[in-house]
Amino acid sequence: MKFFNARMNASQHNTEPPPLATTGPNPAPSSCPKGTAAAARPIWRRLQALPALAGIILVAILLSPHASDGSNIFLETGNLTDILRQVSVIGIIAVAMTFVILTAGIDLSVGSILALSTTVVAMALTRWSPPVGDAGHIALAIGAALAAGAAVGALNGVVVSGANIQPFVVTLATMIGVRGLAKRLTDNANIDIGFGRDVAAVFADFINQKAVIIGSLLVMAAVFWLILDRTVFGRYVRAVGDNERAARYTGLPIARVKIWVYTLSGLLSALAGVIYAAENHQGNPNAGIAYELDAIAAVVIGGTSLMGGKGSVSGTLVGTLILGILTNILRLNNVDSNVEMMVKAVIILVAVAVMAGRKAE
Amino acid sequence: MSKRALKFLIVTQLGLLTACHSSKSGPANEARQYFVAFSQCNNAEPYRAAQNALMTKLWAQHTDVKFVISDAGQDDNKQIAQIETFIREKPDLLIVAPNERAPLTEVMGKAVQAGIPVICLERDILEPNYTTYIAADNRAIGRMAAQFIVDYLTKKYGRPQGNVVQIRGLLGVEGEIDRNDGAHEVFARYPDIKIVHDAVADWIQAKAKDRMVEALRANPHIDVVYAHNDPMAIGAYLAARELGREHEMIFVGVDGLGGPNGGIKKVMDGVLAATFVYPLCVDKAVEVGNQILRDPNFKPDKIYTLHSTMITPQNAAEAYKQFTFAE
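Those sequence lines, one after another, are chains A and B.
Numbered according to our numbering, the first sequence spans residues 110 to 470.
Numbered according to our numbering, the second sequence spans residues 501 to 827.
These are computed hints drawn from the structure, not numbers from a lab.
No residue lacks a Cβ here, since even glycine has one placed at the ideal position from N, Cα and C.
Mixed in with the good hints, there may be bad ones.
What the hints assert, rightly or not - With a straight-line Cα cutoff of 30 Å, these simulated DSS-like cross-link-like pairs (lysine-lysine) come out:
(1) B/Lys557 to B/Lys610
(2) B/Lys590 to A/Lys319
(3) B/Lys707 to A/Lys292
Said to hold, decoys possible - What the simulated footprint calls covered on chain B by chain A, stretch by stretch (three residues with Cβ under 8 Å from a Cβ of chain A suffice, anywhere in the stretch; the number is not a length):
(4) 579-592
(5) 595-609
Said to hold, decoys possible - What follows is a set of in silico ranges between Cβ atoms, one per label pair, in the way DEER data are often shown:
(6) B/Ala549 to A/Asp243: 15 to 25 Å
(7) B/Lys802 to A/Leu458: 47 to 57 Å
(8) A/Ser238 to B/Arg532: 54 to 64 Å
(9) A/Asn447 to B/Asp692: 27 to 37 Å
(10) B/Asp795 to A/Asp243: 30 to 40 Å
(11) A/Ser238 to B/Arg745: 40 to 50 Å
(12) B/Lys821 to A/Ile285: 30 to 40 Å
(13) B/Gln533 to A/Ile274: 51 to 61 Å
Let the hints inform the model, and build the full structure from the sequences given.
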């Protein structure tokens, strides 16, 4: 409860909750517990998964096969950037999922939103001809996809905060419904964003570059880290997950926080979908199945607690990297992809056990 | 570092070491070792499992070849990532069975650019990003199947008329498109032969069973089910049998695999009225692949087209012996 005392001290006569996404002044952390005042917590506390990442990188280097000229294949720039590119889609979803899980919620519909986004962007690029140039057409198509994702996310948020239904159930329903919508839009067919000179090809060629894809992940991670650590809204997100009842008594705008959090999750899933469509040259209503599980795994390995209130965007990035490097080193050694899944499962369990142990210390 | 984090690291390291070392091959030798990588799109389909088995068997005959198969589980993104990783390992030959045309085109181009010989197996991509493409003529299969159906209906009713249910595979695959278009070329000439239900079951038997139940409920009378592969035809048969209507119609599939679970046996058992042997393309792939590996001057044809045979109860027993490989 100390967190809320600190906030009250800082704005004693202010009964109206401050607006959401502004950068508010940090209250003097005189009696704030470790988990809440960002300035007081040293960086190695926040990046709990960092030793694990270092360990995995070390093992990857040791176990990497060697090219005919003796060089370490894992450490090749091409391979390292491959890994970053391969984790970007899940990584972007995981960044927003961090926020959702920090509020002690969950979003199972991210994979379906990704699929919807790929179909919307593919349809907008191939079946629609607005009277604007190529760049404008691409911008409108991406905008449409992002809007669709944000709309679904907002719907999730409204139902979670309004009706008294658990996020698991709400997003489970959306997961199924949105998948159906995506399939209905294209009659369960895929829409090829082909090769050639049309606007769809321009879109695919531009977005499907390592720099753009990895850049998107890093930009989203930076933006969301800023929001979480440096804005009042970020504090509210943690507060709602940490202790919702106390947050309600303090007068925090819980409904608005939740709606925003799920909207952002939908928005980023849609962004991931736009990238997926460009990477695969295809709008695919069956894309993204089980992606929510990969995203949640990345968030959890990164140290975010499913109980809410505790976690970080940087942790999620580290978790995503751990999974990506793991997959890469197993593939470089031609380990059967089914064994790959079993190894992933063990890593997830061990990571969570370690985090739980940490919390008790 | 805390005790727990240390424990985590140790467990992780042990796990990775076990997983990686259990799949490492034998002792290094002075003779030239060839590394052949095969990116399979989906091990779960019986046709592809047969491809894998035959491919492994044929490459094992060459002791200087290390042969590896990766399974993408029908996931385009996974297959792209797996091929990218193979490219890093610089194989002497890369064989790819692409999951879908558009997503895989670019990464196979990257493999070609990296100087790796690429064999595109059985399914086409949008651009010729390969050294050679080995496939069967799916359009001809579509035409043969449709002609068989026309002949059957003409015999049944005295004229070419009837209700046909079509069950299709993954729509993004050229083979699927060809099996559909080839059949429609023939059906278009007979306006009284109607496609009353057209469903997509992604090559999977379980999905086909569900789609067929819907078709059975929607149509009181069906004469023929034309499924674009045998597992889907079998799924349709199971659905019809559950509703007691399996004698109302005949089932036609494609693949014609040997062995006790294949389509040929189903024709012998009377489940399928006909199937069409869809060549595994593996014999040709290994033959051409070997030449690519060993003969630096060998220039393969850009496309090798293989032909199909129709299997009916008349020739099924003979075909079964021919197409069933000893394990």
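Q: Could you check the structure against the hints above and give me the numbers of any it violates, in ascending order?
A: 6, 9, 10, 12
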